[in-house]
Amino acid sequence: MGKIKAAIIGSGNIGTDLMYKLERSDVIELTAMIGIDADSDGLKRAKQKGYTVFTNGIEGIIENPHIAEIVFDATSAKAHVRHAKVLKELGILTIDLTPAARGPFFCPAVSSNQSSGELDNVNMITCGGQATIPIVHAVNQVADVSYGEIVATISSLSAGPGTRANIDEFTITTRRGIEEVGGADRGKALIILNPADPPILMRDTVYCEVKNMDESAIRKSITEMVEKVKEYVPGYRLRQDPMFDGNRVTVFIEVEGAGDYFPAYAGNLDIMTAAAMRVGEDFARSMLKEKAAESLI
Numbered sequence: 001m002g003k004i005k006a007a008i009i010g011s012g013n014i015g016t017d018l019m020y021k022l023e024r025s026d027v028i029e030l031t032a033m034i035g036i037d038a039d040s041d042g043l044k045r046a047k048q049k050g051y052t053v054f055t056n057g058i059e060g061i062i063e064n065p066h067i068a069e070i071v072f073d074a075t076s077a078k079a080h081v082r083h084a085k086v087l088k089e090l091g092i093l094t095i096d097l098t099p100a101a102r103g104p105f106f107c108p109a110v111s112s113n114q115s116s117g118e119l120d121n122v123n124m125i126t127c128g129g130q131a132t133i134p135i136v137h138a139v140n141q142v143a144d145v146s147y148g149e150i151v152a153t154i155s156s157l158s159a160g161p162g163t164r165a166n167i168d169e170f171t172i173t174t175r176r177g178i179e180e181v182g183g184a185d186r187g188k189a190l191i192i193l194n195p196a197d198p199p200i201l202m203r204d205t206v207y208c209e210v211k212n213m214d215e216s217a218i219r220k221s222i223t224e225m226v227e228k229v230k231e232y233v234p235g236y237r238l239r240q241d242p243m244f245d246g247n248r249v250t251v252f253i254e255v256e257g258a259g260d261y262f263p264a265y266a267g268n269l270d271i272m273t274a275a276a277m278r279v280g281e282d283f284a285r286s287m288l289k290e291k292a293a294e295s296l297i
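Going by the UniProt record's numbering, 244 is the number at position 244 of the sequence shown; the sequence numbering is gapless.
Any given hint might turn out to be false.
Unchecked claim - Here are the computed distance ranges between Cβ atoms for each label pair:
1) L238 with H66: 41 to 47 Å
2) D41 with P195: 54 to 60 Å
3) L296 with H66: 21 to 27 Å
4) D245 with G50: 32 to 38 Å
5) L119 with T55: 27 to 33 Å
6) K211 with R24: 32 to 38 Å
7) N247 with V151: 34 to 40 Å
8) V151 with G91: 35 to 41 Å
As the list claims (entries may be wrong) - Below are the DSS-like pairs computed for lysine-lysine, each with C-alpha atoms no more than 27 Å apart in a straight line:
9) K220 with K85
10) K228 with K188
11) K289 with K220
12) K88 with K228
13) K220 with K230
14) K88 with K291
15) K3 with K85
16) K3 with K44
17) K228 with K289
18) K291 with K230
19) K88 with K78
20) K78 with K44
21) K5 with K44
22) K228 with K211
23) K3 with K230
Keep in mind that the hints were calculated from the coordinates and are not lab data. Remember, predicted model here, so these are calculated numbers, not experimental data. Here a beta-carbon is modelled for each residue, glycine too, at the ideal position from N, C-alpha and C.
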């Protein structure tokens, strides 16, 4: 069946963990890791694994456009603004792991899989968005959410410089995702960095006000959604049964990482790379089908 070539731009923690995940893919062939610091752990590991390594950032793709059909951008929101424009001009599908939101929001448990030919950039929202928007969507499907609020609590040790620099973008982008993908009429997002030692697992609280309360239907919809997310994030789980109070539903989520590159407590980082890999594989399969169809013409 073949594979679709892909590259990662950004050799920090997110890019490095994604590298380990993508090397297990049946439909994506990782070809290159691109960064700006030759001494970064990510580039060193990529080189040891035999991948092509570039240290001149996006210029590496500009000079070698045939190295990838999909690029995963694991840099920063500010950097992605330029990257998105360049990659679009090169005709390369971009999966954006920053909060830049230059393309439509994607959450693999919720978003429909469109033909790769219809899109040039998709945004993975945020770690808090990937963990909580499926729950908001599940509740909205059966109860019509008028207001959705999420609080993402992560270990401060799992919040690297990229996360800390993009906190404003996190709250804005996650709020938009709650509304545009989750389906809430209004949304709000908060993030808490917890310095506890030993580090805590990622924990998320999802609070929904609904127009049509049906406890049985809501509970069933949430349970089914959790199982759907667990297909690509095995450490995703409910901490307890949903709580109901009048027209309000509160759901508590915990996310344990797979431990590919991050420690298990960094579920906030792991859920981003796991979701990005799932979306990338969905598009890769679409690309492969299109190529197969073209070969028959």
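These are the hints, each one checked on the structure:
At roughly 45 Å, the beta-carbon separation of L238 and H66 lies within the given 41 to 47 Å, and the hint holds. Roughly 23 Å separates the CB atoms of D41 and P195, a value that falls outside the hinted 54 to 60 Å. Taking 21 to 27 Å as the suggested C-beta distance range, the pair L296 and H66 conforms, at roughly 24 Å. For D245 and G50, the Cβ-Cβ distance of about 55 Å falls outside the hinted range of 32 to 38 Å, so the restraint is violated.
A hinted range of 27 to 33 Å holds for the C-beta pair L119 and T55, which are about 29 Å apart. Separated by about 43 Å at the C-beta atoms, K211 and R24 break the suggested range of 32 to 38 Å. Checking the proposed 34 to 40 Å range against N247 and V151 shows it is violated: the Cβ atoms sit about 19 Å from each other. For V151 and G91, the Cβ-Cβ distance of about 40 Å falls inside the hinted range of 35 to 41 Å, so the restraint holds.
A distance of roughly 42 Å separates the Cα atoms of K220 and K85; the hinted pair therefore is violated under the 27 Å criterion. For the suggested pair K228 and K188, the alpha carbons sit about 24 Å apart, so the restraint of at most 27 Å is met. A C-alpha spacing of about 34 Å is found between K289 and K220, which places the hinted pair above 27 Å, so the restraint is violated. Pair hint K88 plus K228 does not hold up; C-alpha atoms about 31 Å apart against a cutoff of 27 Å.
In summary, the hint linking K220 to K230 is supported, as the alpha carbons are separated by about 16 Å, within the 27 Å threshold. The straight-line distance between the Cα atoms of K88 and K291 is roughly 20 Å, inside the 27 Å bound, and the hint therefore holds. With a CA separation close to 25 Å, the supplied pair K3 and K85 stays within the 27 Å bound. Only pairs whose Cα atoms come within 27 Å are accepted, and K3 paired with K44 is accepted, the gap being roughly 25 Å.
Taking the CA atoms of K228 and K289, the gap is about 24 Å. The hint holds against a cut of 27 Å. For the given pair, K291 sits about 30 Å from K230 by alpha-carbon distance, which is inconsistent with the 27 Å threshold. Pair hint K88 plus K78 holds up; C-alpha atoms about 16 Å apart against a cutoff of 27 Å. The hinted pair formed by K78 and K44 meets the criterion: a straight-line CA distance of about 25 Å does not exceed 27 Å.
With a CA separation close to 21 Å, the supplied pair K5 and K44 stays within the 27 Å bound. Between K228 and K211 the CA atoms are separated by roughly 25 Å; this keeps the pair inside 27 Å, and the hint holds. At most 27 Å may separate the alpha-carbon atoms for a hinted pair to count; K3 and K230 meet this at roughly 25 Å.
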